[in-house]
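Participant: This is what each chain is made of:
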Amino acid sequence: MSQSQQELAAGEPELAVLPVDSAQRISEAPALSHLQTPKKKRGQRRQAASQSHDTQPFDIAGLKAEIRASVDEKRSRLPSNALLARRSEARSLSAARNSVKAGVSALDNNPDAQNVDDELAREQISSVDWLAIDASLTRVRQHVEIGGSVPELSRLKGPVRHAARLVAAVILLVSRFLTNRQSAFNIAGLTALHQLAEGIRRMHLSYAHQIQRLEKQLSQLRKQQEESTQARARSFKRASREDLKP
Amino acid sequence: MARVALLVPCLTDADAVSNDVLGMYSALEARGHDVCIFAFFWNVSGPKVRHFTKIERFIDHPSALLIYHHSTGWGEALGIVRQARCRRIVKYHNVTPPEFFERIHTDYVNACRDGRRQLVEFARAGCDLYLFDSRYNMRELMFEGVHEAASFIIPPFHKIDRLMELNADLAVLDRYSDGRTNVLSVARLAPNKGHAALIDAFAVYHHHYNPASRLLIVGKVDERLSIYADSLRLRAMDLDLANSVVFCGEVPDSALKSYYLLADAFMMTSEHEGFCVPIVEAMAMSVPVVAYGSSAVPGTVGKAGIVWDDPDPDLLAGSLDRMVSDPEASAALGKMGRVRYESRFTREKIESRFMTALDHLS
Numbered sequence: 001m002s003q004s005q006q007e008l009a010a011g012e013p014e015l016a017v018l019p020v021d022s023a024q025r026i027s028e029a030p031a032l033s034h035l036q037t038p039k040k041k042r043g044q045r046r047q048a049a050s051q052s053h054d055t056q057p058f059d060i061a062g063l064k065a066e067i068r069a070s071v072d073e074k075r076s077r078l079p080s081n082a083l084l085a086r087r088s089e090a091r092s093l094s095a096a097r098n099s100v101k102a103g104v105s106a107l108d109n110n111p112d113a114q115n116v117d118d119e120l121a122r123e124q125i126s127s128v129d130w131l132a133i134d135a136s137l138t139r140v141r142q143h144v145e146i147g148g149s150v151p152e153l154s155r156l157k158g159p160v161r162h163a164a165r166l167v168a169a170v171i172l173l174v175s176r177f178l179t180n181r182q183s184a185f186n187i188a189g190l191t192a193l194h195q196l197a198e199g200i201r202r203m204h205l206s207y208a209h210q211i212q213r214l215e216k217q218l219s220q221l222r223k224q225q226e227e228s229t230q231a232r233a234r235s236f237k238r239a240s241r242e243d244l245k246p
Numbered sequence: 001m002a003r004v005a006l007l008v009p010c011l012t013d014a015d016a017v018s019n020d021v022l023g024m025y026s027a028l029e030a031r032g033h034d035v036c037i038f039a040f041f042w043n044v045s046g047p048k049v050r051h052f053t054k055i056e057r058f059i060d061h062p063s064a065l066l067i068y069h070h071s072t073g074w075g076e077a078l079g080i081v082r083q084a085r086c087r088r089i090v091k092y093h094n095v096t097p098p099e100f101f102e103r104i105h106t107d108y109v110n111a112c113r114d115g116r117r118q119l120v121e122f123a124r125a126g127c128d129l130y131l132f133d134s135r136y137n138m139r140e141l142m143f144e145g146v147h148e149a150a151s152f153i154i155p156p157f158h159k160i161d162r163l164m165e166l167n168a169d170l171a172v173l174d175r176y177s178d179g180r181t182n183v184l185s186v187a188r189l190a191p192n193k194g195h196a197a198l199i200d201a202f203a204v205y206h207h208h209y210n211p212a213s214r215l216l217i218v219g220k221v222d223e224r225l226s227i228y229a230d231s232l233r234l235r236a237m238d239l240d241l242a243n244s245v246v247f248c249g250e251v252p253d254s255a256l257k258s259y260y261l262l263a264d265a266f267m268m269t270s271e272h273e274g275f276c277v278p279i280v281e282a283m284a285m286s287v288p289v290v291a292y293g294s295s296a297v298p299g300t301v302g303k304a305g306i307v308w309d310d311p312d313p314d315l316l317a318g319s320l321d322r323m324v325s326d327p328e329a330s331a332a333l334g335k336m337g338r339v340r341y342e343s344r345f346t347r348e349k350i351e352s353r354f355m356t357a358l359d360h361l362s
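As you go down the protein sequences, you meet chains A and B in turn. Using our numbering, read the first sequence as starting at 1 and increasing by one per residue. Using our numbering, read the second sequence as starting at 1 and increasing by one per residue.
Misleading hints may appear alongside valid ones.
[As the list claims (entries may be wrong)] Partial list, derived from the structure: chain B residues whose beta carbon lies under 8 angstroms from chain A:
id	residue
1	Ala196
2	His208
3	Leu234
[Said to hold, decoys possible] Restraint-style ranges between C-beta atoms, simulated for each label pair:
id	chain 1	residue 1	chain 2	residue 2	range
4	B	Leu170	A	Leu218	25 to 31 angstroms
5	A	Leu178	B	Arg162	54 to 60 angstroms
6	A	Arg155	B	Arg82	19 to 25 angstroms
7	A	Val144	B	Pro47	53 to 59 angstroms
8	A	Ala163	B	Ser26	46 to 52 angstroms
Calculated directly from the structure, the hints in this document are not laboratory data. We treat Cβ as the ideally placed atom computed from N, Cα and C, and that holds for glycine.
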């Protein structure tokens, strides 16, 4: 650190430990008076903090260690990988479905078989590479106008460059009867493509929404079906027991 | 009184670099300097702004001062800084690595690539001073050969004072004051901002800790990056969060204040930041900060928030849970953030550091 930087930093040490008086100052600062929150719990939190932390420094490292310990414990019971890997699961289920179509009957024993159709539908919708389409359209957009500007010819220097650019300008001017039509054609084609891509992207999003909604409805229906089957089984057992009574 | 030219490619009313330029403008004008901003594009009224092609005449004297704000590729600025015969300062806000925008938009890739390339040229231009938003930014330019003695870290000017004085948007407060836990993130929807990690972490928190929770993502959506925004929406849907992740878009300052007031915690998982003003806003509003410590983020948060070395969704979710379920820890962190803001990032502090740095010119 240079001397000048040291001068600048001198009055502003790192706040590793919260000084007691500064914490009190903040709690009483008029600048905070407008921070009235509609939530009751925030007010409760402030009160709690003013009771406990105004008198003792706060240990961030200790807090992080506590969080890490509780997260490790929770992670062992409830790993988040399964939650976050839903998309990759969908892909593997689709692969399983395809193998069934190819004549492999292993899927019949797969407990996830019922979900495969939904996952396959989702996979088909997600398979469009929008990034690639957008990048290609952008590249096309950069070259849509032919002869609109004289090339820079930056590899040439001095008067040669000026002369070359002049020649290029003349050529562009002369060929304008062709390039104008070509540019108009390019713009029309690109606009149509752009509109199509936007429309399909909107459809893509709307289908994804619909699929998600249908999946929810389907899972609710399955749950209801399960419940009614269980209820029917219970009533059947009850009836059987009554029949067996002497 | 000296002539001071502030050079920046774009000057708008809602981005960090523009706020820094406008802050410098006010500070220098208040000290009686003849200040003018030169830009390629601007949409702000109030300060004196001219087209950048008119800058040469304005700084055509050795006593004049040119301050260029570098945050993206701009070939014309490099020429101006090189040819200027006055005193020259480069304020480096950092340039996002172009890799983040690969396969998303070539304009961004080209602008960022040019900006990175020009960084080396600016370092070699031998300017009188180099100013940096953060130590992280300073390290980058020192690596390119800038001397430490000519380097100063000056946090960017911001509009937090104005945010504090504004009345909050009551409609926003009413809409989201429904008893659910609100987790807030403020960053424009750009691929370097790490929204995927943010949504993943929130998914773990929502499904494993607190189903009565909501993630509010505030930030401008650039039409050219709409593919990225769409991919985030799909990700949220895939993780069963369609009704729990709210993409608020760009909001006026009054609504932004409401979001900060509503927030139980502020989460930032950006992968590349030169400073990160929203974190300072959260600290100023006493909202506890949970963040992934990439690039300049650890330097901005300091020890006034929970910062992790990895964007581990479990750790981030665990931290959110702690902030929500432990009112004492949450309020203590909120206070520490506020103290850090008051001790380092208030307008007065930034202005004082800026003027001290300028004193070294003479």
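Participant: Mind listing which of the numbered hints don't hold for this structure, in increasing order?
Facilitator: Numbers 1, 4, 7, in rising order.
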